[in-house]
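Colleague: Spelled out from the first residue to the last, the chains are:
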Amino acid sequence: MTAKFDIDDDRVVVVIGSGAGGGTLSNELAQKGVKVVCLEAGGRHEIAEFVNDEWQSFTNISWLDKRTTSGSWRVSKDFPNLPAWVVKAVGGSTVHWAGASLRFQEHEFKALSTYGAIEGASLLDWPITLAEMEPYYAKAEDKMGTTGTNGIPRLPGNNNYKVFAAGAKRVGYKDFHTGNMSINSEMRDGRAPCQQIGFCFQGCKSAAKWSTLYSEIPKGEATGNLEVRPNAQVLKIEHDAKGRVNAVLYADETGIIHRQRARVVAVAGNSIESPRLLLNSASAMFPDGLANSSGQVGRNYMRHMTGSVYAVFDKPVHMYRGTTMAGIIKDESRHDTSRGFVGGYEMETLSLGVPFLAAFLNPGAWGRDFTSVMDLYDHIAGMWLVGEDMPREGNRVTLHATEKDAYGLPIPNVHFDDHPNDMAMRTHAYRQGSAVYEAVGAKRTIRTPPYPSTHNLGTNRMSANARDGVVNKWGQTHDVKNLFVSDGSQFTTGGAENPTLTIVALAIRQADYMADQMAQNEI
Amino acid sequence: MRTVDKRSRLSRRSFLKTSAATAAGVGAVSGGMVVFPAGDVWAQSMKALTADAAQILLVMARDVYPHDRLGDSYYAKAVETIDAGAAKDSKVATLINDGAVQLNEMAVKKYGKGYREVANEADRVAMLKDMETTPFFQKIRGGMVTGLYNQPEVWAKLGYEGPSADKGGYLHRGFNDLDWIKDA
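In order, the protein sequence lines correspond to chains R and E. Each residue of the first sequence is one higher than the last, beginning at 1 in this note's numbering. Each residue of the second sequence is one higher than the last, beginning at 1 in this note's numbering.
Read the hints as simulated data drawn from the structure, not as lab findings. Glycine included, C-beta positions come from ideal geometry on N, C-alpha and C.
The calculated label-pair distances, taken between Cβ atoms and stated as ranges, are:
id: 1; chain 1: R; residue 1: 420; chain 2: E; residue 2: 52; range: 46 to 56 Å
id: 2; chain 1: E; residue 1: 168; chain 2: R; residue 2: 417; range: 41 to 51 Å
id: 3; chain 1: E; residue 1: 166; chain 2: R; residue 2: 59; range: 13 to 23 Å
In the DSSO-like style, the derived pairs of lysine-lysine whose C-alpha atoms are separated by at most 27 Å in a straight line are:
id: 4; chain 1: E; residue 1: 88; chain 2: R; residue 2: 77
id: 5; chain 1: R; residue 1: 443; chain 2: R; residue 2: 174
id: 6; chain 1: E; residue 1: 77; chain 2: E; residue 2: 157
id: 7; chain 1: R; residue 1: 443; chain 2: E; residue 2: 157
id: 8; chain 1: E; residue 1: 88; chain 2: R; residue 2: 404
id: 9; chain 1: E; residue 1: 91; chain 2: R; residue 2: 66
id: 10; chain 1: R; residue 1: 174; chain 2: R; residue 2: 110
id: 11; chain 1: R; residue 1: 315; chain 2: E; residue 2: 157
id: 12; chain 1: R; residue 1: 66; chain 2: E; residue 2: 139
id: 13; chain 1: R; residue 1: 473; chain 2: R; residue 2: 32
id: 14; chain 1: R; residue 1: 404; chain 2: E; residue 2: 139
id: 15; chain 1: R; residue 1: 110; chain 2: R; residue 2: 473
id: 16; chain 1: R; residue 1: 315; chain 2: E; residue 2: 6
id: 17; chain 1: R; residue 1: 77; chain 2: E; residue 2: 139
id: 18; chain 1: R; residue 1: 236; chain 2: R; residue 2: 4
id: 19; chain 1: R; residue 1: 4; chain 2: R; residue 2: 35
id: 20; chain 1: E; residue 1: 182; chain 2: R; residue 2: 315
id: 21; chain 1: E; residue 1: 6; chain 2: R; residue 2: 443
id: 22; chain 1: R; residue 1: 404; chain 2: E; residue 2: 91
id: 23; chain 1: R; residue 1: 315; chain 2: R; residue 2: 174
id: 24; chain 1: E; residue 1: 113; chain 2: E; residue 2: 129
id: 25; chain 1: R; residue 1: 66; chain 2: E; residue 2: 88
id: 26; chain 1: E; residue 1: 139; chain 2: E; residue 2: 110
id: 27; chain 1: R; residue 1: 77; chain 2: E; residue 2: 129
id: 28; chain 1: E; residue 1: 91; chain 2: R; residue 2: 77
id: 29; chain 1: R; residue 1: 174; chain 2: E; residue 2: 182
id: 30; chain 1: R; residue 1: 169; chain 2: E; residue 2: 182
id: 31; chain 1: R; residue 1: 315; chain 2: E; residue 2: 167
id: 32; chain 1: E; residue 1: 182; chain 2: R; residue 2: 443
Can you make the complete structure from the sequences, with help from the hints?
Modeller: Written out as structure tokens, the structure reads:
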């Protein structure tokens, strides 16, 4: 039974955002008997509304509110108002994610001590270790039904994977398979097995892929402790005279502004909106923004080193058939400076349909060189390269000086400059990706630049010391004890792995801590 | 391995379009009575673009994204999409109509004839290359990316099957039927 809480009910935890972090936290708290109001800026689009159409789906569920960009990254040139491709809907980006669920490696929690200080990077060790995270990773994998864990069989490889795996074998890679995917390979948790539909990025029509939209949230609602309010755009977090947060202002679908009182507030709006909200919540007591005494809110924005390699073959591939991300090569994810950079990267198959490939293969390209590739669309195989990028103080989300949104609040600007380490890693990854395909006879390989960011991280980072970051090891802000951050913006560094599993594991862990602190009346 | 039939299927819509263009084309060469050149019925149907601009864009569209296997009807449809966008914003309409005039003037200056009449593709492309950073060119190129490649009819011609959930996905329709790599 879905709960309904009064806006003056000050017993509730208000969770802002319903994706991997917010959706998971909301359910975990509800299961423990904690009353939760989850405010989601987007609408509630159930599975029946998902469409197998790239642009239509993009229009229906993406976060399209205006943002600006700056810096030397190519996204700023090609997509100046679309720094990130994330979802604005109940379920957040778990609606369109690919499903890759990888644990961080031990050294990735200790980036500064492993890599050493690097010029132009603001590296830091996480205040948590892999050993502390392992039980939560295990819980997350069980919750999400991750293949290759808990005795769950891996998915069968599709055509795109067959090309990728054969190439991997021929270049001598050892650690490759169809991945640890939170996509059912068999019936589990009331959800069907994968039908190899090929539209993971547009919302899974068979619910085989884990998403908070149809897993966490309905379970939380069934407890009677969770109320999800869609189309609730949060504008500001308010606090009392003692500097404790006590209410959240939000606009509903019709633009009417409401004040939901709160005992605790958890921010999980992804790494652009979360810092923006804290900055927009500045007050006389917190003139630089909430929880920003360190000046770190919005800084250290990370987006992973990314790039893609597409390869054209003599014979057909039909890469679009089946799971969008259908396999992984892990050999390059190690830290090995003999390659000319610190950290590592993963190689993961990826396919785009004709509409998106035309837009993203080489943005801005035209003429016969471009169309000669599109002409062979069904002979193309593709992979995505994703690795650890360096946090930089100057890579940051700030409030726009002049441009305002519909509610009169400054829109966010996202500034990003690639670090030389990111560029060296990308060059290496392009070369290795091309080698994989050339080993199976690729006639031509294309090095595709980064897409608008899907992995947005680090803008409210975790730190042992309050001066180095925004939140402590529990995601609790250093400055305001009943204010938490529950999304990927907590990440101290990015690791090489797709971030969702770590976000979910952190949310499960945070729920334990938060409930305990509430029981002890600490918050 | 299951492959996709890329041959054209003649729809009523494309048939009408082709026959209209053919009829006008035949008229154009028969006895000098015809006022409208080939395709002008189509060009006159634009909401915001001038008929001249539409005709120029039809050639430019193919020069920007040339696919020899695609007939003019696909490019005409892309131009219609650009026209629909221009109809919603008079600034865009002006940008495109003026840009088409400038492109044509460039051709007249260089070759003594309009853009469409310049016979050599490489000569036309060289002119486009000279203007590729202009807002006009970028508007057309950007509009073509969706106007052309978001047509389901074009997907089929390129071997992309589009929506699959309504057909049960690819689980039983060839998701792993690649057979040309022996050790795959």
